[in-house]
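Chemist: Since the structure of chain X is already known, use the hints to place chain G on it.
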Amino acid sequence: MSLLADRIATARGEGRAALIAYLPVGYPDVDTSIDAMVAAVGGGADAVEIGVPYSDPGIDGPVIQQAVDVAVRAGVGMRDVLRAVEAVAAAGAVPVVMSYWNPIERYGVERFAADLAAAGGAGAITPDLIPDEAAPWLSASDEHDLDRVFLVAPSSTDARLASTTAASRGFVYAASTMGVTGTRATVSDAAAKLVARTRAAAPDLAVCVGLGVSDAAQAAEVAGFADGVIVGTAYVRQLLDGHGRAGVRALSAQLAEGVRGSVPA
Amino acid sequence: MTTSAVRPTGERVAPPRPAWPDATGHFGVFGGRFVPEALIAALDELTEAYEAMRVDPAFLAEFAALQRDYTGRPSPITEVPRFAEHAGGARVLLKREDLNHTGSHKINNVLGQALLTKRIGKSRVIAETGAGQHGVATATAAALMGLSCTIYMGEEDTRRQALNVARMRLLGAEVIPVTTGSRTLKDAINEAFRDWVTNVEATNYVFGTVAGPHPFPAMVRDFQRVIGDEARAQVLERLGRLPDAVLACVGGGSNAIGIFTAFVPDDGVRLVGLEAGGDGVGTGRHAASITGGTPGVLHGARSYLLQDDNGQTVESHSISAGLDYPGVGPEHSYLHDIGRAEYRPVTDSEAMEAFALLCRTEGIIPAIETAHALAGAMMVGRELGARGDGGRGEDPPVLLVNLSGRGDKDVETASRWFGLGDREHVDPGAGLDEDQRPTEGAVTSGDAVPGQAAGEQA
Numbered sequence: 005m006s007l008l009a010d011r012i013a014t015a016r017g018e019g020r021a022a023l024i025a026y027l028p029v030g031y032p033d034v035d036t037s038i039d040a041m042v043a044a045v046g047g048g049a050d051a052v053e054i055g056v057p058y059s060d061p062g063i064d065g066p067v068i069q070q071a072v073d074v075a076v077r078a079g080v081g082m083r084d085v086l087r088a089v090e091a092v093a094a095a096g097a098v099p100v101v102m103s104y105w106n107p108i109e110r111y112g113v114e115r116f117a118a119d120l121a122a123a124g125g126a127g128a129i130t131p132d133l134i135p136d137e138a139a140p141w142l143s144a145s146d147e148h149d150l151d152r153v154f155l156v157a158p159s160s161t162d163a164r165l166a167s168t169t170a171a172s173r174g175f176v177y178a179a180s181t182m183g184v185t186g187t188r189a190t191v192s193d194a195a196a197k198l199v200a201r202t203r204a205a206a207p208d209l210a211v212c213v214g215l216g217v218s219d220a221a222q223a224a225e226v227a228g229f230a231d232g233v234i235v236g237t238a239y240v241r242q243l244l245d246g247h248g249r250a251g252v253r254a255l256s257a258q259l260a261e262g263v264r265g266s267v268p269a
Numbered sequence: 006m007t008t009s010a011v012r013p014t015g016e017r018v019a020p021p022r023p024a025w026p027d028a029t030g031h032f033g034v035f036g037g038r039f040v041p042e043a044l045i046a047a048l049d050e051l052t053e054a055y056e057a058m059r060v061d062p063a064f065l066a067e068f069a070a071l072q073r074d075y076t077g078r079p080s081p082i083t084e085v086p087r088f089a090e091h092a093g094g095a096r097v098l099l100k101r102e103d104l105n106h107t108g109s110h111k112i113n114n115v116l117g118q119a120l121l122t123k124r125i126g127k128s129r130v131i132a133e134t135g136a137g138q139h140g141v142a143t144a145t146a147a148a149l150m151g152l153s154c155t156i157y158m159g160e161e162d163t164r165r166q167a168l169n170v171a172r173m174r175l176l177g178a179e180v181i182p183v184t185t186g187s188r189t190l191k192d193a194i195n196e197a198f199r200d201w202v203t204n205v206e207a208t209n210y211v212f213g214t215v216a217g218p219h220p221f222p223a224m225v226r227d228f229q230r231v232i233g234d235e236a237r238a239q240v241l242e243r244l245g246r247l248p249d250a251v252l253a254c255v256g257g258g259s260n261a262i263g264i265f266t267a268f269v270p271d272d273g274v275r276l277v278g279l280e281a282g283g284d285g286v287g288t289g290r291h292a293a294s295i296t297g298g299t300p301g302v303l304h305g306a307r308s309y310l311l312q313d314d315n316g317q318t319v320e321s322h323s324i325s326a327g328l329d330y331p332g333v334g335p336e337h338s339y340l341h342d343i344g345r346a347e348y349r350p351v352t353d354s355e356a357m358e359a360f361a362l363l364c365r366t367e368g369i370i371p372a373i374e375t376a377h378a379l380a381g382a383m384m385v386g387r388e389l390g391a392r393g394d395g396g397r398g399e400d401p402p403v404l405l406v407n408l409s410g411r412g413d414k415d416v417e418t419a420s421r422w423f424g425l426g427d428r429e430h431v432d433p434g435a436g437l438d439e440d441q442r443p444t445e446g447a448v449t450s451g452d453a454v455p456g457q458a459a460g461e462q463a
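From first to last, the protein sequence lines are chains X and G.
Under our numbering, the first residue of the first sequence is numbered 5, with each subsequent residue one higher.
Under our numbering, the first residue of the second sequence is numbered 6, with each subsequent residue one higher.
Pulled out of the complex, with its shape left as it was, chain X reads as follows:
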């Protein structure tokens, strides 16, 4: 059983792509960030990628860095993250944790898996953990029936697409472009090509696209070739710009139109 795969399949049954919203726990504070996640669900997100704050976020651009830095300095940790997981689950969306590897390793891989499962989390996205280094996480996630989402990139060889998708469960995260998180004017051609190559390697695994998707038009474009659309920076931007819950909810509503293939005016 995979909470993420089920939800993505449900969306596919409705003839659309799934919408996955990223927000970090602890910006501007823990409670407000959790409210924002619930608002993202209210606006139509199928799943929330719950970001664990980390001091050295290697693949994040300046917008997410700025928000996460606040949370790191405030001492936000896994306990707060688990609270967010419960809140997102209660709001009716699938919670999936997004964490660089060290916070999980420090918390304890087995303990993390047990606590995440108990909180109702689907699993984790681990941007700096490749399956080759993931033995403890592979066994802990098996034991607790958790999804594990690894990344593929335009630079991945066919052999790595095969091995990475084989280790993934729930979906595989296709990084649409070579670079860090952030909004971009256009979705790179590389994204569709990568999704096609990934599907060829793993026909039964859902492929969701992230990095650089920020508005309904881009979401609609990606929904045309992927199973799910992951949006991060644009959500964080709503909070940084002071639009709060209402801004997050409105963005979700627009993106939800987008993943249905229509672009609101």
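Please keep in mind that the hints were generated in silico from the structure rather than gathered at the bench.
Here the structure is a predicted model, which means the values were calculated and not measured.
All residues carry an ideal CB built from backbone N, CA and C; glycine is no exception.
Which residues of chain X face chain G? A partial, calculated answer using Cβ under 7 angstroms: (1) Ser59; (2) Asp60; (3) Val76; (4) Gly81; (5) Asn106; (6) Pro131; (7) Ile134; (8) Glu137; (9) Val156; (10) Ala157; (11) Ser160.
Far from chain G by the CB rule (all over 12 angstroms, computed), these chain X residues: (12) Arg203; (13) Pro207; (14) Arg249; (15) Gln258.
Modeler: Same frame as chain X, but now just chain G:
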């Protein structure tokens, strides 16, 4: 003081390469690759090209020629008896990496990686730098080989090491001050990785130390091990015996791995790494990753690091920009855990005392990073002297210290530390030597004559 008569080492059989890391870059539980998938292809390409290059006679010849004709290798060893009087009666020998072109050991590694960059057909290099020595060395190699060069340096460090910023710019490099996080080396590495993942097609990352994802720790070690290979032969030739201990400062740890590697199989030789103890490990304001840290993952590898309960990297503190790093190379973590090397902290004050001592007893101004190793030699020498052992029979113990860099870049920091004035407050006085007697007619603080005015008075 004597300086070795250096001569080509001739037929010497190449010392063995350590059995570690394994094929995927692991030193026991340490090392590995904790990076985004987007970088794996580039790391694989680098590993493959490096493995082919390191046994390619054409490369070895070109590398050897550059080291000889450009860097000035082999660097000599220098015995420092006046300094050694403060080290418990031990004999102290310095491996003079400060005499390399660009003033530190960093050039050894960048020449190798710059050749590798050309071999894989890339036209741009990026690098991180803390004290600026690796940045200067990379800018130098880029100028030499016609590569475009961008250096990431924490904003805090660009202030502490303004001289090196100017040197890099003179050499044609672009220097980008990093304003995220603690604005030091750790954040410069984050930014360099972000640049690399974005521009990896035409860009090679010239990593400066034995940290980071595989293959960097092993590759940088291989390029730096020339220090120990030379020094081992030089000490044997000079003294007919091996040293009792080999000492080096450890930030990321490239100069230490460089001098340790040749001695790792010599069980009787102690390997001592000196970490930056800052205000003291007990104060929490330090950069002693092994002494005061725990295993975790940072910058692409598992190793000891300074972290809090949430797994956040803790900001490090050291008077030395080059050691001000909360992580350490995975091979050091491994050597520590298997008990082959020992790691000890040296505080800012201890380092600066050793710094001053070498200046006025031997006429050598070391880098402040290096001064940590000198302080370690004073410590270990006194311990051995007090115990009356460490030597062989009547011989005093022999300490080999890697003098990894020269201190020109640190003159301002040191002047401020010792109250000798800085650019704004020129106050000529007696200098650091308390025994210095005032000379009649010497310029003293009371009647200093600024340079521009001297001519008018004469």
